[in-house]
Every structure is written in C-alpha cells, then in structure tokens.
Amino acid sequence: MTVIAAALWRGVAFALLWWTLAEGRTENWGLGLAIIGLATLASLRLLPATALRLSPRGLLGFGTFFLVQSIRAGTQVAIMALRHRLDLAPAMLELPITLPPGAARIWLANTLSLLPGTLSVDIGATHLRLHVLDRRLPIAHEVAQVEARIAAVLGMEK
Amino acid sequence: MTASQWLPLAVLASSLLPGLLIFALPEERIGLRTALNLFGAVAKLTLVGVLLVGVQAGNTYSVGYTVLPGVDLMFKADALALLFVSLSSVLWLLTTLYAIGYLEGSPHRSRFFGFFSLCVTATMGIAMAANLFTFFVFYELLTLSTYPLVVHRGSGAALRGGTIYLAYTLGGGALLLTGIVWLHSLVGQVEFTHRGVLSPLSPHYADQLRMIFLLLIAGVGVKAALVPLHGWLPNAMVAPAPVSALLHAVAVVKAGAFGIIRIVYEIYGVEFAQSLNLLLPLAVAASVTIIWGSLRALAQDDLKRRLAYSTVSQVSYITLGVALFGPVGTIGGLVHLVHQGIMKITLFFCAGNYAETLGTHKVSEMNGAGRRMPATTLAFSIAALGMIGAPLTAGAVSKAWLSDGAQALGLEWVGWVLLASSLLNAAYFLPILYRVWLKPAPARWPQEHSAAQGWRETTWLLLLPPLLTAAATLAAGIYADSEFSPLAWAQLIARREYLTPVP
Amino acid sequence: MSSGLVYAVVGVLLFVLGAAGMLLLPHLLRKILAFNLLGSGAFLILVGLAQRDGGVDPVPHAMVLTGIVVAVAATALALALLRRLHALSGRTQLADESADE
Amino acid sequence: MSAVLEVASALLLVAGAAFYLAGTVGLLRFPDVYARLHALTKADNLGLGCVVLGLSLQAESLAVAVKLLLIWPLVLAASATLSYSIARRADRLGITPWQGKEDR
Amino acid sequence: MTALEWPLALFLLANLLAALLRAARGPTAADRMLVALLFGTGGVGILLLLGRAGGNPALVDAALVLALLAAIAGAAFARRAWTDGDADERRP
Amino acid sequence: MMSLTFDLLLGVALLWSAWHTLATADLIRAVVSFIVFGLLMVLAWARLDAPDIALAEAAIGAGLTGALLLDSVGHLRARRRPGDNG
Amino acid sequence: MNDPVYDVAPWLVLLPLAWAGLAFVWGPGRGARLALAGTALQLLLTLRLAAELLSLGGRRHAVGGWGAPLGIDLAVDGLSMTMLLLTQAVAFAVFIYARAYFTDRSADGDGHGARNHFWPLAGFLLAAMNALYLSADLFNLYVTLELLGLAAVGLVAAGGNAAQVSAALRYLLVSLLASGAYLLGVALIYGSYGTVALSALPLMSADAPLAVALAAALMGVALLLKTALFPFHFWLPPAHGGAPAPVSALLSALVVKATFYLFLRLGLGLFAPLGETIAWLPGLLGSAAIFWGSWQALRAQRLKMLVAYSTVAQLGYLFLIFPLLAPDGLALQAGVMQALSHGLAKAAMFMTAGVFLQVSGRDAVADLAGVAGRLPVTLFAFGLAGVTLMGLPPSGGFLAKWLLIDAALAQGRWGWAAVVIAGGLLTALYVFRVVRQAFASTEARPPLAPVPRTLEWTAFALAAASVLLGLRGMEVLHLLDVGAAS
Amino acid sequence: MNRALRAAVVLGAGLLAALLVAAILALPVPAVRLPALVAAHLPASGVTHPVTAVLLNFRGYDTLLEVAVLALALVGLLAQSPPRELTHAPSPGEPVLPLLARVLVPFLILSAGYLLWAGAHRPGGAFQAGAVLAAAAVVLHLARLWPAWDRPGRGLRLGLVGGLLLFLAVAAALLAGGTLLRYPPQLAGTLILLIEIGLTVSLGLLLAGLFLFLAEPRSL
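Protein chains in written order, with the working numbering: chain A, 1 to 158; chain B, 1 to 503; chain C, 1 to 101; chain D, 1 to 104; chain E, 1 to 92; chain F, 1 to 86; chain G, 1 to 486; chain H, 1 to 220.
Simulated from the structure, these hints should not be mistaken for lab results.
Here the structure is a predicted model, which is why all the values come from computation and not from measurement.
Be aware that a few hints might be false.
[To be verified] A few chain A residues facing chain H, derived, Cβ under 8 Å:
1) 16
2) 17
3) 31
4) 38
5) 43
6) 103
[What the hints assert, rightly or not] Covered stretches of chain H, as calculated for chain A (at least 3 residues, CB under 8 Å):
7) 98-106
8) 113-124
[Unchecked claim] A few chain G residues that don't get close to chain C, going by computed Cβ distances all over 10 Å:
9) 142
10) 146
11) 191
All C-beta atoms in this analysis are idealised placements derived from N, C-alpha and C, irrespective of residue type, glycine included.
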C-alpha cells in the first residue's frame, strides 16, 4: 500500500516538476509521461517508500525556519567576512545527537552546514563533529533547535 | 593470338611455369621435379628450334602488352635474340642435368630449381626484349632470381658473396634505369631496331646522349663484368658449380654483354655511336678488362676464382667485338657470345667434378687429377685450349674474326691486345693442364667420393654435360662454316645489321 | 569589436597556449589538459568568427557540439591509456623520444 | 504591481550580488579551509537565492518562475553535501582548524 | 525589465576573478576546489542574469544543468582525487 | 559597453585559468583550474548565444570531464600496490 | 540530385560501422566472420562503384538530400576510388590473416586485448577511412580524421603491454594535436567563406585573406603530422612497430595513406595556388624521410621496427610528387601508384613479420637465421614485398618509380630523380639485410611453433598482388583519370 | 627536450598567435551565409530548433560519425582495462553523499528526459540529455550505490552501441530508399525523435562507461 501511495505522490511531484521544466508546454506528452514514470521508478528504487514519512506541517515549519536561518547565516558570514578586522574564534566541536541514524541525521548535518556559524564535519555514531566559526555563540542550543524541527517533520517527538 | 605472338611467350612460359610448379613441390618429390625440369628444357628447345627455322625464313615473332601509357612490355624473337636464346636453352638443359647430379641429396632443391628456372626465364626475357623497358624488367628479374642461388649454401662466404653481387648488380640496375628513363623522356619509347633509332635526333642532344650511353653501358657493364665493375664475379664463386655455370655461361654475364650489343647496335646504331665518339672508349674499356682479367687470373690458386677472372677477360671479347666498328668485328663478338658460353661452362662443370669427386678446389692440389678422372680432364683440356684459342676449337674462330675486325679498322693495338690475352690465357691454363696430366697424383685426395653408380670417375649426370659441351667446342671450331653454326648465325645477324654483304 | 571577435581572439590565445603546452609539458595528464584547452580554443574561434557580425549561426554550434563529444571521447581514451601506462610501468611521461627500440 | 515587483526584484538582485561579494571576500580572507567552506556554503548560496528570487519575480510565466526557484534547493543540497564531504576529508587528512592568533 | 542585469553579471564575474586569487594561493587542494565550487554557484547566477539580459530563456536550463553537475566534480574531488593531502601543503 | 567589458573580463579569466591549468606544479591544482576553465567556458558560450553548447559544456566539460580527470589524478597519485600490474 | 544509378557509396561507411557495432555486441574476440562477410561485401560494392565510375564518371551524393553548402556531400572520383579499392582489398586480406592470427596461441605473445577488441576497432577504422575518402566537406573530414585516429590508437594500444600503450599514447597525442590544428583550419575557412563544403569553396586566390593562408598551413601541417612525414615521423615507428602484426599491417598500409590522400586532395584542389609556391617543401621533407627512414631501418634490431622505419622512408616517395605535379599528370600517377603498391606490399611485409614472430616468439632480425628453408612461402612473400618497395620490376612500386623519374626528367629536375634512385638502393640494403639473414644457415635450429597456412598465404597473396599490380598499371591510371562530378 | 627547442616552440607559438590574431581581425565577412539557408529549410527539417535541425538533419551524417567516435573510444578503453576483481560491492560508507544521490538521481533522470524532449524546439537534445544521464550514473558510483563496471555483459554492450545501431538502421533504411539520411518530411520529426531517444540512452551509457569502466573501487 505504502509503495503505491508513495509512487503516486512522487509521480505527482515529478509531473509537477516536469510541468515546471517544460514551462507548461505539452507537446509530446507521451514522452513526458514515460520520463516521469522512469524518474518515479528510479526514485522508488533509490529511496524505498518506507524510509521517510514526512509531516506536511512540520515541513512547512522547517521551511520557514530554514529560510530565516539561512538569511541569518548568510548575513552573519557576510559581516564576518567584510568586517575590517577578522574576528573569528573557530573551533571543532563534538555534539551529541539524538536523532536516529540515517536520513534524519544527514538532514541535520546538511542543515547545520547551511545554518549560521556551523559546518558539519563528520557524523559519528553518537556525536556530530562540527566546525564553528565563533565558538562564543550558543551553538548547542541552535543544534538542538534544528534537531527538534527535523524531528517534527519526521513525525518524531523529541 | 597468332603463332607469331604466342611463340615468344611460350618460350618464356616453358621455363617459368615449371619453375613456379617446382617451388610448390615438396622437397622429396624428386622424380616429379626432375620430370618438370626436363620437360621444360626440352619443350623450350623444341620451341626455339621452331623459331630458328622461322627466323631464318624471315618470319617475325613479336608480342606486346601496354603497362603504362607509352610504355610497353614487348617481346620479339629476332636473329640476335635467338642467338642468345638458343645458347641459353641448350646450356640450360645441360646445366639442369648436371645440377640434378650435383645436388643429389642436398637440401632446398625445390627452391634451387625454382629459382634456376626463373633465372632462365629472365634470360629468355632479356634475349627477346624488344625495347629497353622490357630489357630492364628482365634484367632486374635476373638479378633477383640469381641471388638465392648465389647464397644457396647459406655459409658466411656465400652470404658475403651474395651481398657483393647484389650491391653491384642493383647499383648497375639503378644506373641502367636512370639511363632508360632519361632516354624515354627524350624520345619516348623506342623499340630495338637494326641500325639504331637515335640518329635522326638533333645534334643538340649529343651531350645528353653521351651521358645516357655512359649510364646504360655502366648499367649493363656490371653484369658484363667490365673492369672496374667486375668485383662481384670472383666473389660469387662461392656458389655451387651449376650456379657458377649459370652466372658465367648461360645467363648473367651474357645478359650484360648482350645488353651492350643491343644498346650499341639497336638503340644508338654503330654509325651513330661512332659519330658520337663512343665506340673507341668502349673498345678501350673492353681491352683493359681483357688484360686485367687475365692478369688477375694468373695470380689465383683457387680454380674457380681463376676461371672467374678468365670470364672477366673473355666476356669482354664480346664487348670488344661490338666496339669494333665494322661487320667483321661484330661477327667475332657475336660468335664469341656463344663460344665463350660453351667453353666456359665446360670448365665450370669440370671444376665442379673435381671438387665433388676429389675435394680439390685449388690449382695446386690438382696434380695428377687427369689419371684419376680422365674423361673430365679431357673435357677440361679441350675447353682450356679453346680459351687459349688453339686451332680447331671454337675459341680460335672467335679470335680470328676479332683480330680480322681490328685489322679491317686499322686498329693495330687491338691486335696486340688479343695476342697478349692469348698469351696470358695460355699462361694460366697450360700449367693446369701440365699438372693434371703429367704430375703424379698425391697419395690421398683432399676429400674423395666415389660415385655410387656410373663410372669410377663420377656419375653420368656429372660427366655427360662437360663431355657434350667439350664436343661442341670442337664442333663449333671445326664445322664453323656449316649452316646452323653459331658463326653462320652471327653472319646472318651482321648482315641484317649492316645490310651489306658479309665475308 | 563584437563579442564574437573577442572570443575568437581569446580562442586563438587558448589554442596557442594549448598547442605549446602539448609540445612542452612532459607530464601526460598535462598534455591531455592542454589538448582540451586547445580544443576549446578552436571551438571558440569557430563560433566566434562565424558570429563576429553579431548574428547567430546554428551551423558552427552543431559543429562544436560534435567537437565537444569527440574531445571527451579522446580525453577519456587518453586517460585510460595514461592510467594503464602508469599501472604497467609507473610512468606518467613518455620515454625520451630519441629512443627507438 | 509590476513596478513594485521590479523594485523588489532589483533590490533582491543587488542583495544577492552583495552576498556573492561577501562569499568571495570570505573565501579570500578566512584563514583555513573550514572557515572558507562556511563562507561558500552560506554567503554564496544566499546570494544565489536572492538572485533567483529576484529574477523569478520578473518571470514571464509561473512555470518559469518556479523553474528558477527550483535551482536554489538543488544548489543548497549539493552545496551542503559537498561541504560536508570536503570538510570530512580535510578532517580525516589531519588538517586542523585554525585556532585564532591567541591560541598560537 | 531592470537595467541591472549587466552590471550585476559583470560584478559577479569580477567576484569570480577575485576568487581566482584564492585558487592561486591555495594552500590546500581543497581551497582550490572551493574556488571551483564558487565558480559553480557564481556561474549559475551569471548564467541566469545573462539569460535575462539577452532574452535567452534556454540559459535557465543551462544554469540548472550546471547546478546539478557542478556537484559531481566536487564529489569526485572529495572521493577520488584528494586522497593524500599534499605533504608540503598540510599546514593549518 | 558593459557587455564588451564583460567579454574582455571573461576572456582574461579564461586565459588566466588556462594558464594556471598548465603552469601550476601540482596536478590537482591543474585539474581544478581546468574545471574552473570549463565553468568559464559555459559563460562564454552563453555570451555567444549558444545555449546548446553551454548546456553541453556544463554537462560534459565542467561535470563529467572534471570528474574523470579528478578520478585519474587520484589514481595516478595512489601508490602502486602489488598485483596492480594488470 | 537524382542519380540514374542507385548509389552504393554510402554503404561503404554504414557497413563497417554496422559490423563493428555488431561485433562489439557479439562479444570479445568474436565477430570475425561478420567482419569478413562485411568486408567482402564492401569489396564487391567498391568494385561495382569502380565499374560505375568508369562508365558514368564521378559521382556525388547529397546526404539528406540537401546538398552543399547546407548539407554534406559525398563525392567519388578516380583518386578516391583507387584509395577505396586499396582499402577494401588490403583490409579483406588482413582480416583473413587476423582471424588466424588472433587465436589462443597468441595469448602470451600479442596480448589478449588485441584479440578481444580487434574486430570492432578494425570496423571503425575501416569506416573512418571510407568516410574520409568519400567526404567532400571539411568539417565532416575532421570527424572522420578523429574517428580514424582514435581507432588506430585503440588498435595500437590493444596489445596492452607498456611499450604498446606508450606508443599509443604518443600516437594519440600527436593525432589530437594534429586534429586540433586541422579543426582550427576549418574554423578559419568557415570564418572566411561561410561554408566548409569543398564544392562551395572558391579556390584559394592570390588575394585570399591571411586567414585562408593560415588555414592552409595549419591543415597542411596537421595532415603531415598524421601522415608521419619526416620530421613528424617520430611517433610512427613505435606505434607501427609495436602493434600486433595485423594492426601494423592496417596502419602502415592504409591509415597513413588516408591522411596523405587528404593532403593531396587539398593540395590539388582548395589550396592549389599556395601549393605551387611551396611545393618544394614536401618534396624536400620527403627526401629527408627517405634517407632517414632507410638509415634507421638499416640500424633497427627488430624486424617490425625495420618494417616500420621502412614505412617512414616509403612515405617520403609520396611527397616527392608535389614539386613535380604538372599537367602531364605523371607525378600524380606516380603518387597513386606508390600509395597502392606500398599499401599492398607493406601490409604483406608486416604480415610476414607477424608469421616470424608467431613461429619463433621473437622478432629480432638476428633471430631470422635459417628461416628461409623452414618458411619458404613467408620469406618469398617478404621478398616479393621487398621487390615492390625497392621499386624493381615488374612491381607496382617499379611503375611508381618509373613515372616519378620520368616526371622529374621531363621537367629536367635531376635532383628528385636522383633521390628516387638512391632511395631504391637504400631500400634494397635493408630488405636484403633481412633476406640475407634468412638464407644464413645455422647450427641451432630452435623448435618453431606451427603456424596456420592462412597466415603465410594471405601475406603471400598481398605481396604477389603488389608485384602483379605492375602489370595492371593501365587500369589503375584509367580509373584515376575519372574526374570529379561537377 | 632541450632549451633551444623549447625556445623555438615558444617563439613559434607567439608568432602563430600574432598571425592568427592579425588574420582574424582583418577578415571580411563572408559572402555565403548559412543561417539564412538553415532558416529557409527549417520547416522541412522536422524540428523547430535550428541547432537540432543542423545536428540531426542537415548535418546528421556528422552526428552519426560522432556517435561512432564515442562508441569507438569506449571500445578502445575497454581494450585497455585489464580483467580485474571487483572486490567492492555497493556498500554504505559515508552516508551524506548517498542520500544526495538518492534524492538527486531521479531528478537528474527527469532533467535528462526534459533536455531530450526540449531538443526539438529549444536548446537541448540527445547529447546534453545523455551527459546528464551519465552524470547520474557517476553520482551513484561516487556515492557507492553503484559498482564500477567490469567486462560488460551482452545487454550492456547492446545498450552501449544500441543508439549507434539504431541510427545506422534508420540511415540504412533511408539509404535503401535512395539517399542517405534523407527523411521524408512528414516522418522527419518522428524519426529524429526516435534517433534521439536511442542516442540519449546510448550516449548516457557510453559517457558513464568512460568513467565507470575506468573507475577503480578504492577504499577510502
């Protein structure tokens, strides 16, 4: 059941993508359909339907959070870079993570790489190795926040 | 295709096809190989006989094939061609017989006889070539087909001899080719024609024609062993005796001498060549070769080397005859083409017999050989006397005509050259005759073999050919005036060349 | 000076740079890189010259597409050979060119 | 409407350029590979995001606008993954982060 | 249509050129690779601006492909090429 | 005017990266410079109104060739292991 | 353009591509029969095309029906026809040979790679050559050149040992550099004239822009590089001498001829006016090639190296024709005759070298002692091929030499004739160096591996053909006279 | 290479550059203009994008040979890779790249399809599509989700040259009708699309093969 549902969802998503790419043109739609089918098949092969179950609300929340944070991140780095005197206090940190291994942790790591001041360096069994630009900032807090957001998207309570 | 067209081709094919078949034969098919060889030789003789009769009756035999625009492969069997053709085909038969006996049991005989036949084919081509292009084609083919024969034994000396042979002959070929193409670019294709074809050319070209003459003569002079182009000949002596016979009597040096005849008579024409002042230098070169070859022969202890230098000397008689601007000298030269062939082949057959039976290669080892091998030695003696020019032999006839020719021109020095040469001939042949007949035989010969069958001396196959050619030497001397003698034929040619009554 | 001409001139310099690199640099990988530069230079000249009056010419576009694929094929083959050579002999340069045997 | 959009679009484009500049400056000034990765993943990506958004505001059709916007997450995902890969590799190869002058 | 595309494209290109300095300086191979990645994102931006400026919508596709594929080189770099930090360059 | 400046600047960048490709001592640097060069070529094709080529260059030149070259560099730098003689 | 006769020319490109692809799908080491059948068909088609050419004159085929300058034209005239014939004939013989050569016995000698991938690579090679001879479009010619170069390199490298790979790499890089220069030439031509179709391009005039002159120079140098004319020959001996024998045969006999053909075609056509002013240059380089190549062949230790250097020298003859090109056509005829006879003879020679290698496992010239008695057919084939190379009668090489000397003397240009003559003698030196060694008798008679008769006889057949070509000169020249379609 | 030769090469290169630049700057605009011809014949070509029309119709023969070049390079490359043991089965190593690959690859396939589809009327086409497909394979390989290729099986071999063979078959069929690659106008679009589909798959495999047949799985 879940497979069919996932196939449908993804098929629709890819169809939307196709529509976007094709800029709304519809000639040779047969070819388009075949390609959408292929993409869906590949997707199902590569990401089994059971792997992820996303909560739309969580996703929305994450999206806004991410947007805001990434603007913050960009601004912060920009300020650091453009400031007359380079004022950095970099460090390598090891922070414990609570998210289950797999996609969730990767997501976390990637998100952190894009968020202010942090850069994921290594995902360990229990800890996440992070490089921070300024260790004086509340890194741990932010990481926890992101973890919570991701847990919400995945429907897990932290 | 008419008979006049296919006869020349058939003459070529009668040795070419057996040759190609022999290549394909396995080594041990001796009987079939022998049969092919003999069949080819006999067939050729028959065809040549037909041609002889026809040509004497005034028929012409020619056939051509266009290779490039304005360049034809052309054959014609005229009187001059037949002189050479008949000599070669007769001697081919004898040499083949001899070679069958000589090489019995030795390796690579299919290869040997294959190339042997190719060699004869090339000689036929040279003889019947109707233009310089065709002549050159077969001239080079002759070089290529003799090389494997020269190196047949594969020893270091043989390989060295072969290399020297190639260096000379291919170099000569290159000169010849240059001359031929040059001539071609001047006058286009020219067929061999009695009295030459170049005389109508404007005097403007005289210098070029002299250069071309030099190139052409140098090209064929290599094979004719004109000094200083003779160096290959003594070195090629390492080859088996039948090959030496082929080189000296049947094919190679004869091809060179024949080429000189064709070039002087039928390209330039004697009158024209004379008008370009080309003949005297040629006569001088021939004379130098005659004397030089004899002098060198004197110094050789190795029998075959002595014979080789003798060839250097004797072949230039032909050239000398050609260079003697006049019918008498011409006849002398032409007839010597044949006479030298039969005499020299006898000598080489005999030398081979001595080496095979007694293991003697050197003159100094030949004491008393006449008692051990009387028949061989008899043949050897007749040929040697012929070479000296003793009366009743073929050699006497040629020498007489040559000195008459010289006298007719008033070239006294040529007479002296001939006389000196005869004396030198005697000086290097008579001591041999003395040794073989009059000195006592040694206790042991260097390496004695007794023939399994035949006489005590050696097998029939080795004995018959020299006896026959020795007999021919005598016959050509004694019956020189008969209708089909070489002399008569040479007179026929000279008649056609000079279009004047000939003595 | 139209932009086509600018790129054509740049292409010339790239071509020459690549050619000199192919001749002078000993390391094979660099020769391969130099070949790619040379190729890009030629492509730029082709398109740049054809469009130096500002118009768009689809014919050289198609030719360059062909050329790019050919260049990739050649590069891949060269890399394969280079890696094989390295695996067999440890060399990444051609032996001295005067050695004949 | 379109005037507003144009102004917004122009502002976004300029902001994007500014972020790009910051990224480049960061790349040049930051002391080690990790810090430079920060600059690259954050400033440049934001710069691209601004440009994409700015351009999509002027897009002639919705599909085109979405297509433009689509680029951004793609670049983000790739960029995050690559920065992780490179940082991890650097870490494994034993490159230690610059610790600031006071720590030396 | 704003007239901003050209100046911005030029600006971004100048940016990239400046970044080449980093490529020249290094010190690690990764630093150079970062420049390549910067060229990827910068290139996407410039392509989009050029597409708009020249009225060539197809360049959006090119930008998309560039965005997708620039990552490959980076991945190959991290996975395959950068296997041993150049000894002389391995300094903090 | 602006576009001409852009072209000239891009030309300089192309030449610079090309020069670096050939002149740097280190292989990886050379390859990375080459990838940069490829990316700049994409822009050049875009400027020449050749989106087809820009697409192909982006996909093949900057992507695949770059990956292939990097992979090869890694291969060449790896020490030869026993049994690696093919 | 609607031809009254159905046009077979394009099949000569499609067929080898098809069998190459199918042979690849069939699997490693397979496809020999397919290749042979395909090549036989090509040979028949080529013969038919030649017959049509003789009766109807030059042909032109507008691919896609567009016609130049928009589309690509294929064109056949006498010159390309002779080359096409040579290509199919030699390839057919080499393929018969290769089928017997690449058996399991050769596993240790000549590399598994060669055995496994010979057929598809050879198919691409053949397609490239045919396409090159047919093409009348400069850019299309560029693609065929690349196809040709890569196929040749692939074949050289397929043997798989370090020397072969190294030789292949050098070959590849040279080939790529040359292709790049050629492509730049095409770009300049397109920039100057707006088209690359040969039929639409004007002949280069005296006031042609500098770009056209540069294009001519670049393309000329590119083709000389690919043809390995001295001093660009350095890549050839290791590549041709190191490859497996059937590959060497294809490369030396055919591949270098293809680029020579193109050089000739452009030199006679598009760039003729320029060619007249600097025609002495290729002639001079050709002379140098003759002397240098022969000298190196004399010194070579390995037989295949000797034969490869012989190719360097023999290619020199092809370029001697340029200073002698004249309306009488002698030089052109000489060039074509030389290309044909060298193609046949050189293939035969490499094939005999392959036999020696397979039989004894070694190919040092010194190891050939005594081979004459044991491999008479092969030695005979070598000798016949040598006769052609030396230019001795009645071979095709002889006709070429004759025509060349004739052309030189007709124009009173002695030097070139002397070069030809001297070159022939030098050739004799190295040919007989081998033959002499083969006739040497040795005590040591190492065991010889049995070798399929096919190997010996295919080599022999080609060598004999090269000699017999001398008797069919008229046909060749007649075919050569067929002009291009208007 | 000795110093003098190096100097000569550098000098020669400089001279060549100067000559070329001078030649280019002085070159007049040619008389023949193909763009007009292309535009005039575009309606009959079966596609509306001029570059695709040139690539697959007007100069389709070039393209045919070019595909052959690519296939040939792969065959040559295969002849180079010695038989080897693939000890490396697809195994998760570092997990971040694989996730990206899993997400990205379907999108790459979609993009490839889009480019293929776009080729008929806007920039795009089989080459670009094939390259994107190949990129997908390479990403999968780099993420260790797909092993390097060893000796290809018959299916893969067919895939590798299938595009070429299909192209050849179309060419042969048209040639049998009289002229090489002369599409009947009403079928041109369909045939070109057919060829492009075949080419996309084959080019994708070929380009991927260039990487995957060479790639050696090494433990990192």
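So, going through the hints one by one against the coordinates:
For residue 16/A, the shortest C-beta to C-beta distance to chain H is roughly 11 Å, which exceeds 8 Å, and the interface hint is violated. Interface hint status for residue 17/A: upheld, as the beta-carbon distance to the closest one in chain H is roughly 6 Å, under 8 Å. For residue 31/A, the shortest C-beta to C-beta distance to chain H is roughly 5 Å, which falls under 8 Å, so the interface hint holds. Hint status for residue 38/A relative to chain H: holds, with the closest Cβ pair at about 6 Å, below 8 Å.
For residue 43/A, the shortest C-beta to C-beta distance to chain H is roughly 4 Å, which falls under 8 Å, so the interface hint holds. Nearest Cβ of chain H to the Cβ of residue 103/A: about 6 Å, under the 8 Å cut. The hint holds. Closer than 8 Å: that is the beta-carbon criterion, and the stretch 98-106 of chain H has 6 residues meeting it against chain A, so the requirement of 3 holds. Counting residues of the stretch 113-124 of chain H whose CB lies closer than 8 Å to any CB of chain A gives 7, which reaches the minimum of 3, so the coverage claim holds.
Look at residue 142/G: its CB is around 8 Å from the nearest CB on chain C, not clear of 10 Å, so calling it non-interface is violated. Not every Cβ of chain C is farther than 10 Å from the Cβ of residue 146/G; the closest lies at roughly 5 Å, contradicting the non-interface assignment. Taking the minimum C-beta to C-beta distance to chain C, about 3 Å, the non-interface status of residue 191/G is violated against the 10 Å cut.
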